[in-house]
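Novice: Generate coordinates for the entire structure from the input sequences, incorporating the hints supplied.
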Amino acid sequence: MSVAMPSSGDASFAARIDNPATRALMRRHRVRWWEALPWAAALVFFFAFPDYLSFGNELLVVILFALSLDLALGYAGIITLGHAAFFGAGAYTVGMLAFYGVWSEPITSLAIAAVVAGAVGMLSGLVLLRTSGLTLLMLTLCTQALLEEAANMGHDWTGGFDGLLSLSFSPVFGLFEFNPLYPTTQYLLTLGVLFACFVFVRTLVYSPFGQSLTGIRENLLRMHAVGSPVRWRLVVCYAISAAIAGVAGGLWAQNNAYVNLSALDLDRAATVLIVLILGGYGRLYGAFIGAVVYMALEHFLAQIYPTAWQLGLGLLLVLIALFARNGILGLGDALWQRYRGSLPWRFRARRAAP
Amino acid sequence: MDSVANLAGILLGGLSAGTVLFIVSVGLSVTMGLMGFVNLAHGAFAMFGGYVIVLAMNRAQFGFPVAIVLGFVATAALSIVLERALYRRLYRAGELDQVLFTIGLVFIFIAGITIVVGPGSQTLQLPAALGGQLNLGFIQYRTYSIFLIVVGVAIVLGIWLAFERTRIGAEIRATVDNRRMAESLGIDVDRLFTITFAFGSGMAALGGGLGAEFLGLDPQYALKYLVYFLIAVSVGGLGSVVGVYYASLIIGVLDFVLTLYLPKGGTIFIYVLTILILLARPQGLFGRKGL
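Chain order of the listed sequences is A and B.
Here the first sequence stands for residues 150 to 503, numbered as in my numbering.
Here the second sequence stands for residues 2 to 292, numbered as in my numbering.
Each hint should be verified, as a subset may be incorrect.
[Unchecked claim] Taking beta-carbon pairs under 10 Å as the criterion, some of the chain A residues facing chain B (in silico):
1) Ser281
2) Leu290
3) Thr292
4) Trp458
5) Val467
Quick caveat, the hints were computed from the structure, so don't treat them as lab data.
Keep in mind it's a predicted model, so treat the numbers as computed, not measured.
Note that the Cβ used here is the ideal one computed from N, Cα and C, for glycine as well.
Specialist: Next comes the structure, spelled out in structure tokens:
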């Protein structure tokens, strides 16, 4: 708002501040009350279902991974089929450091994983982000396949197809032991890391940098025209997204105490894409909703019959692509917009008040 | 003399594998070139056709040629139904929705085949005439591989003639080059796409059946070879039949050589090569239009 024309007086400036659109834009980064709900739910889960903590761990890692993809795909509009490349880079970094006894402190390991994955993202982004559309899709796919093949080929360092097993990590802060049977430490660590990364991503997307990413997604030509350094922004965003994916991979390796090629395969890249789109991309909380729905469906349908899960997932994807392009949250938004008028008066009054 | 025979053997093996890759991928190339539709379910059509062909032979005791025709027709018919009912709705959607939709279709195909046929691998019993060895004068080689190479040459010639010499071929070329202009000239692009989609899926079925002998055929087929199909199409160039043919042959021979001399992870060179080619020529080796 500091770009007010010199000729305009204080009154018109105040009028512009008072404009409902200005106010909405100025307020949109503020924390809403319901944003505390996922974190409260995660803590309730910790105390209520101590037997399901490893499931919870897996869920938190998927959320973090999907969140990293949301930054690249949802905000910057970089369509990639190879995001598991960075997940795998982080997982193998943490895994190899621990396996060869180089570094086993969990939190700094994650930081190293972020740096390594971020560097991979930066380097590949510098090369790949010159292209777009299908070419980019193919290049990301090939980059990931390349890393997977490299991990397979470097058998002597990476354990090849079998991976690196029984990794051990030193206690968090030197106090809290990693316990594979009762993974309370892992759960709280994962939750803490997820929270930190979420706050970072949330701040980032509402910053001028994040706004310019959305601008690039929505209208590339206009962003070039206003002099935004488009390619550099995309590369930086891709590198940050890769670094967060690397942290997710590192957490995955710590939680499982192993790394193998599944960290880098097409299945993982497709899964995270599905999770994000299922929840709704470009809206931060899509990663949370998508991961919960996906993991719950997988858990219960696969219990019935493993093939039932695949069939159910396939049908779900087709339905989402045909009828709910913006995912579950988008569907919720649409329903809210449509039926808001027919809700009890209390809701209407609250919406109308501001 | 021995090394010459070795070299010829490697070349023939690679060419026959490349031919199968070409037969599966050619339809994908044309449909992606025409509509820009990212059809990741193309491998699923190949798998479906392969199953029809193999089961027609193993369970219904049909002959090889009859089974092939049956597989082609059944898959083409299925693809017409899917195209009319579902694909059509997503032509104007973004790549992301198309990717999601076709991945969903792949999962449905995999689950469907696992439920109906079973998770096991199916084997193709070659007819006696194709099972043996053929004396080429300087080398004895598997008759089936030679058969595949000959079939591939016949197919590429046939499609090339159809592209260059028929009205519908001209319409396809026009639409790949400039869709709006083609539509303005009165070409019914929707109908054109249904026809090419059905034909491409039928060809995929053919490839699935012909390749089942050495690629194997199990419910994971649709995903396992997907990257190869996509590489063949993108390196060859969208909408270019000859380009996909050359790209497939190169990949087939390279893969054969690499697995022979670098059994551990030789495929890495194929990925590196693909990345380099696409960076240098985003439209592929023979493509006229960007991906």
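Novice: Can you list which hints this structure breaks, lowest number first?
Specialist: No numbers; nothing is violated.
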